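There are 2 protein chains.
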Amino acid sequence: MMRSSRFSDTVNVFTLLMVICFIVLFSSSVLVEGKIRRFKWEVKYELKSPDCFEKLVITINGQFPGPTIKAQQGDTIIVELKNSFMTENVAVHWHGIRQIGTPWFDGVEGVTQCPILPGEIFTYQFVVDRPGTYMYHSHYGMQRESGLIGMIRVSPPSTEPEPFTYDYDRSLLLTDWYHKGMSEKATGLASIPFKWVGEPQSLMIQGRGRFNCTNNLTTPQRSEAEVCNASNTYRLRIGSLTSLSALSFQIEGHNLTVVEADGHYVEPFTVRNLFIYSGETYSVLLKADQNPSRNYWITTSIVSRQEKTSPATAVLNYHNNHPRQRPQTLASSNFRPKWNDTRHRLAQSLAIKAQKGYVQAPPENFDKVIVLLNTQNKVNGYMRWSVNNHNLTDAFDWRFTPPESYDSRNYDVFAVPSNANATMSDGIYRLKFNSTVDVILQNANTMSVNNSETHPWHLHGHDFWVLGYGEGKFNEWEDPKRYNLVDPIMKNTVAVQPYGWTALRFRADNPGVWAFHCHIESHFFMGMRIVFESGIDRVANLPSSIMGCGQTKR
Amino acid sequence: MMRSSRFSDTVNVFTLLMVICFIVLFSSSVLVEGKIRRFKWEVKYELKSPDCFEKLVITINGQFPGPTIKAQQGDTIIVELKNSFMTENVAVHWHGIRQIGTPWFDGVEGVTQCPILPGEIFTYQFVVDRPGTYMYHSHYGMQRESGLIGMIRVSPPSTEPEPFTYDYDRSLLLTDWYHKGMSEKATGLASIPFKWVGEPQSLMIQGRGRFNCTNNLTTPQRSEAEVCNASNTYRLRIGSLTSLSALSFQIEGHNLTVVEADGHYVEPFTVRNLFIYSGETYSVLLKADQNPSRNYWITTSIVSRQEKTSPATAVLNYHNNHPRQRPQTLASSNFRPKWNDTRHRLAQSLAIKAQKGYVQAPPENFDKVIVLLNTQNKVNGYMRWSVNNHNLTDAFDWRFTPPESYDSRNYDVFAVPSNANATMSDGIYRLKFNSTVDVILQNANTMSVNNSETHPWHLHGHDFWVLGYGEGKFNEWEDPKRYNLVDPIMKNTVAVQPYGWTALRFRADNPGVWAFHCHIESHFFMGMRIVFESGIDRVANLPSSIMGCGQTKR
Numbered sequence: 001m002m003r004s005s006r007f008s009d010t011v012n013v014f015t016l017l018m019v020i021c022f023i024v025l026f027s028s029s030v031l032v033e034g035k036i037r038r039f040k041w042e043v044k045y046e047l048k049s050p051d052c053f054e055k056l057v058i059t060i061n062g063q064f065p066g067p068t069i070k071a072q073q074g075d076t077i078i079v080e081l082k083n084s085f086m087t088e089n090v091a092v093h094w095h096g097i098r099q100i101g102t103p104w105f106d107g108v109e110g111v112t113q114c115p116i117l118p119g120e121i122f123t124y125q126f127v128v129d130r131p132g133t134y135m136y137h138s139h140y141g142m143q144r145e146s147g148l149i150g151m152i153r154v155s156p157p158s159t160e161p162e163p164f165t166y167d168y169d170r171s172l173l174l175t176d177w178y179h180k181g182m183s184e185k186a187t188g189l190a191s192i193p194f195k196w197v198g199e200p201q202s203l204m205i206q207g208r209g210r211f212n213c214t215n216n217l218t219t220p221q222r223s224e225a226e227v228c229n230a231s232n233t234y235r236l237r238i239g240s241l242t243s244l245s246a247l248s249f250q251i252e253g254h255n256l257t258v259v260e261a262d263g264h265y266v267e268p269f270t271v272r273n274l275f276i277y278s279g280e281t282y283s284v285l286l287k288a289d290q291n292p293s294r295n296y297w298i299t300t301s302i303v304s305r306q307e308k309t310s311p312a313t314a315v316l317n318y319h320n321n322h323p324r325q326r327p328q329t330l331a332s333s334n335f336r337p338k339w340n341d342t343r344h345r346l347a348q349s350l351a352i353k354a355q356k357g358y359v360q361a362p363p364e365n366f367d368k369v370i371v372l373l374n375t376q377n378k379v380n381g382y383m384r385w386s387v388n389n390h391n392l393t394d395a396f397d398w399r400f401t402p403p404e405s406y407d408s409r410n411y412d413v414f415a416v417p418s419n420a421n422a423t424m425s426d427g428i429y430r431l432k433f434n435s436t437v438d439v440i441l442q443n444a445n446t447m448s449v450n451n452s453e454t455h456p457w458h459l460h461g462h463d464f465w466v467l468g469y470g471e472g473k474f475n476e477w478e479d480p481k482r483y484n485l486v487d488p489i490m491k492n493t494v495a496v497q498p499y500g501w502t503a504l505r506f507r508a509d510n511p512g513v514w515a516f517h518c519h520i521e522s523h524f525f526m527g528m529r530i531v532f533e534s535g536i537d538r539v540a541n542l543p544s545s546i547m548g549c550g551q552t553k554r
Numbered sequence: 001m002m003r004s005s006r007f008s009d010t011v012n013v014f015t016l017l018m019v020i021c022f023i024v025l026f027s028s029s030v031l032v033e034g035k036i037r038r039f040k041w042e043v044k045y046e047l048k049s050p051d052c053f054e055k056l057v058i059t060i061n062g063q064f065p066g067p068t069i070k071a072q073q074g075d076t077i078i079v080e081l082k083n084s085f086m087t088e089n090v091a092v093h094w095h096g097i098r099q100i101g102t103p104w105f106d107g108v109e110g111v112t113q114c115p116i117l118p119g120e121i122f123t124y125q126f127v128v129d130r131p132g133t134y135m136y137h138s139h140y141g142m143q144r145e146s147g148l149i150g151m152i153r154v155s156p157p158s159t160e161p162e163p164f165t166y167d168y169d170r171s172l173l174l175t176d177w178y179h180k181g182m183s184e185k186a187t188g189l190a191s192i193p194f195k196w197v198g199e200p201q202s203l204m205i206q207g208r209g210r211f212n213c214t215n216n217l218t219t220p221q222r223s224e225a226e227v228c229n230a231s232n233t234y235r236l237r238i239g240s241l242t243s244l245s246a247l248s249f250q251i252e253g254h255n256l257t258v259v260e261a262d263g264h265y266v267e268p269f270t271v272r273n274l275f276i277y278s279g280e281t282y283s284v285l286l287k288a289d290q291n292p293s294r295n296y297w298i299t300t301s302i303v304s305r306q307e308k309t310s311p312a313t314a315v316l317n318y319h320n321n322h323p324r325q326r327p328q329t330l331a332s333s334n335f336r337p338k339w340n341d342t343r344h345r346l347a348q349s350l351a352i353k354a355q356k357g358y359v360q361a362p363p364e365n366f367d368k369v370i371v372l373l374n375t376q377n378k379v380n381g382y383m384r385w386s387v388n389n390h391n392l393t394d395a396f397d398w399r400f401t402p403p404e405s406y407d408s409r410n411y412d413v414f415a416v417p418s419n420a421n422a423t424m425s426d427g428i429y430r431l432k433f434n435s436t437v438d439v440i441l442q443n444a445n446t447m448s449v450n451n452s453e454t455h456p457w458h459l460h461g462h463d464f465w466v467l468g469y470g471e472g473k474f475n476e477w478e479d480p481k482r483y484n485l486v487d488p489i490m491k492n493t494v495a496v497q498p499y500g501w502t503a504l505r506f507r508a509d510n511p512g513v514w515a516f517h518c519h520i521e522s523h524f525f526m527g528m529r530i531v532f533e534s535g536i537d538r539v540a541n542l543p544s545s546i547m548g549c550g551q552t553k554r
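Chains as they are written, first to last, in the UniProt record's numbering: chain S, 1 to 554; chain B, 1 to 554.
If you are wondering where the hints come from, they were derived from the structure by calculation, not from laboratory data.
Nothing here was measured: the structure is a model prediction, and the numbers come from that model.
It is possible that part of the hints are untrue.
Heads up, the list lumps identical chains together, so a pair's fine if it works in one copy or across two of them.
[Unchecked claim] No more than 20 Å apart at the CA atoms, straight line, and that leaves these computed lysine to any residue pairs for SDA-like:
(1) K473 - P498
(2) K40 - E120
(3) K55 - Q201
(4) K48 - F194
(5) K82 - Q551
(6) K180 - F53
(7) K48 - L189
Same shape as in the complex, but just chain S:
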């Protein structure tokens, strides 16, 4: 069932520096009934101390994280983005927004647009065509971790109620935080000898952390407190834009009911803690049903790596208690899963299914399977992360199709690779328009003995069905028999666990050029990314604003 046949259409024979040149013709079919919501944003660096350590932070109109975009399904979002950096360019990706009809506004520098230069204003315009919880962030260099992040909250039309109710709606964006600048970190990653970024100095909840704060953990600051009224139900929209860490989120003494994942309704299930990977969003319902005479700790902690960073803390403040009233417990005693307890993380992933009544069944058959081996490699002595031992460059050549599989028969995913050298690749995956594509993410051992890492993969322009997860090497004959083809959740980001595999399916029904990559910023930077193209002949009217660099400058 696993095939590695190459895409058979004839491809043109000229080389183009940037895939954006491929976008030629497309007739828009988006909803046009919504409101137009216009934003004027100025991005710049400011010296801020979000965890009591002063460093350069990217702000939007002075805010970090950036303002939450609130809209209704069908609305058109217009963001006039002014780059007020001194020497750095910028580009912003609207994470989870499929950009149907506007692939050029996906915000991926080098794939869908030229960077926005200092002093320039670039206008993004796109439709939010589905309700749900999404995010935005820089998609250029490693700027995301410098703070250009925020959330997008799309409500359904008032005539279409959601399948759950709540009294209040809150956003909590989770991040990890480094005190060195992204240029210094990126330079270390691209150096011989390799210099790893290390563990983050802080974790943050909605842009607040505690690294070096004079008041101790047991004295929450007012702005860290989430006020709630006893007996009410809260929808917490939780997103993660960590640059490295997978997280666990928990609230002392309270269960969380998962109801949404990446913009899709989830058949509700209850957890004591929520595991969340970079690039994911969840909505959980929190019932304020505990003793209202005290406050409770909200914490988030690292689960994907051995813990060297203190949890981020906030306080669930029951109304009538003073927001600075410290919970009677220590934040550090809050429930926290073991960092290497992969089984519980996998169990949560398996529990996430589409909500009854909202199931969009996947196509039963597929047209192509692409198996992507995730490996740590060296290229010319530089440390990289690669896909099928190929490492994507910044320039693309559509004549070349990268490998659609690896030598699975002879590859031991549990061992350090005997030859970890990868080759640079400028090829992109060209998919037949409207074809159904299965992607198997296959994890493996890194270049260190007994080590395999978690990789959250994010697909641009599409959601995919999550068909299954497994441990060890994917078996192309047996494993597909256990795929969930009945009620799989659709997502735009999914993790592959250490030494495991994850199977997903999507329909290549959105004309454009789309990135698919590990959402760990350093892994992406080190080459753990591919590009899909489909239906470019349906794309038209490239805005001139995305041009002006590389081949498009001449």
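Model the placement of chain B on the given structure of chain S, informed by the hints.
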């Protein structure tokens, strides 16, 4: 004699974002007999420890400072510059090269070209039309201080001997060095409250300093030693690209004979120490005429500000002594002038005259005088440095002429200004082609009581005659009577001393758009700059490579 009449030619009525759009027609008249010298440079960040503290340093082909360009008068220099930064643009200025016929390759981002984007290759091509000592450096944001610096050494044709002889020819580029990144410093300068960059952590001679080195000052490293042979004469080409500091350079027990300044031969005179300001170059002759059985300290120290930074040290190593042989003295005991001894600095400036036989007499008359009051100001609460209380923006409008003088009658240059608010200006100074222009740099008190700073001003595209210096307020009737019109030196950079004035004259004979600014990087960044235009109707064939941003992108 001081006039403030506005340039009377009719100006067009449309606003252009960038002056580069003005360059329309020019017929080249440069020498074409020289060799073509082609360089391929890659600029990127690397983690280096030039003063034993690791930080991001900009390198060219892995080198910091960048490679010295060696050429002969009339040669054509072609530099293919590849930007290998991750998210930052770049532009390189060829400091002291007048760019006759190639004003678009002057390398001033926002004035003569769009920035070079990451991944792009930009080709500079220009003729070095005069022998002498020049430099190059980034002219974008505050990148210069991150290390994009180097020297240019142009020899005369072999048929034209220089008016002095020497056995060896050495380059010594002097800098000051900060451990914080330029983005953080620039952000502090552009913040409310204002956050000053402070004093440098190190001084450096040819890219080597001592901040945190384990071996102490008395044990020079081999690469810090300048080998010399007893009785030989050395030409030391000394350039300063400090971001802030004015320097004194001295060699223990040796006199220095000044023979060149900014590419012009100087009537030789001897000094015990050389004062040098950012943007200046000098050649001095060093006769190795001391006791050859020992080594001697070479030091450079700050003179413009109260000393908080240790001198940079190197060793003059007489042949046959071991290069690591420590001089019998302490480096700290090396001669060093007092930081606030302005009189000795002024005396050196006054001693610099054109070498007999090489005098290019200035025009006796001038067509226009522009008086430029140098002041520290506030604009909308932000700390700035301004010119005639105008503060240049990044976008220009040639309909507007900035003030050509200030209210000298009512302005007390010795007092804190009663109203230090400046206004933003988008005007440029338009000069009649081939007219003779006098510029008076008038210094004044800063916003602090009893404080006035040294400002080295650098003119692009031209050399100017230095006609005179004075203390206090320039007297438009009396002071010009004492101008040196006989043998003034020509330079491209000149300092105005605290509470003093400096008068210079130049002929606006180079068609183009040219920056004139304080060479202290933070002052330039904070607005201490103006732009001259002349003869743009003679400029033709704008290369497309300089376009692609701002208005030129549309």
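Each hint, compared with the structure:
When the C-alpha separation of K473 and P498 is checked against a cutoff of 20 Å, the pair qualifies only within one copy, where the shortest distance is 11 Å, while the shortest distance between copies is 74 Å. Taking the shortest alpha-carbon separations for K40 and E120, only the intra-copy value of 13 Å comes in at or below 20 Å, while the best inter-copy value is 30 Å. Taking the shortest alpha-carbon separations for K55 and Q201, both the intra-copy value of 12 Å and the inter-copy value of 19 Å come in at or below 20 Å. For the identical chains of this complex, K48 and F194 are inter-copy neighbours only, at 14 Å across copies versus 29 Å inside a copy, given an alpha-carbon limit of 20 Å.
Within a single copy, K82 and Q551 get their C-alpha atoms only as close as 24 Å, which misses the 20 Å cut-off; across copies the closest is 15 Å, which meets it. For a Cα distance limit of 20 Å, the shortest separation of K180 from F53 qualifies both inside one copy, at 11 Å, and across copies, at 15 Å. For a Cα distance limit of 20 Å, the shortest separation of K48 from L189 across copies, 14 Å, qualifies, whereas the shortest one inside one copy, 25 Å, does not.
Checked against the numbered hints given earlier, the structure satisfies every one of them.
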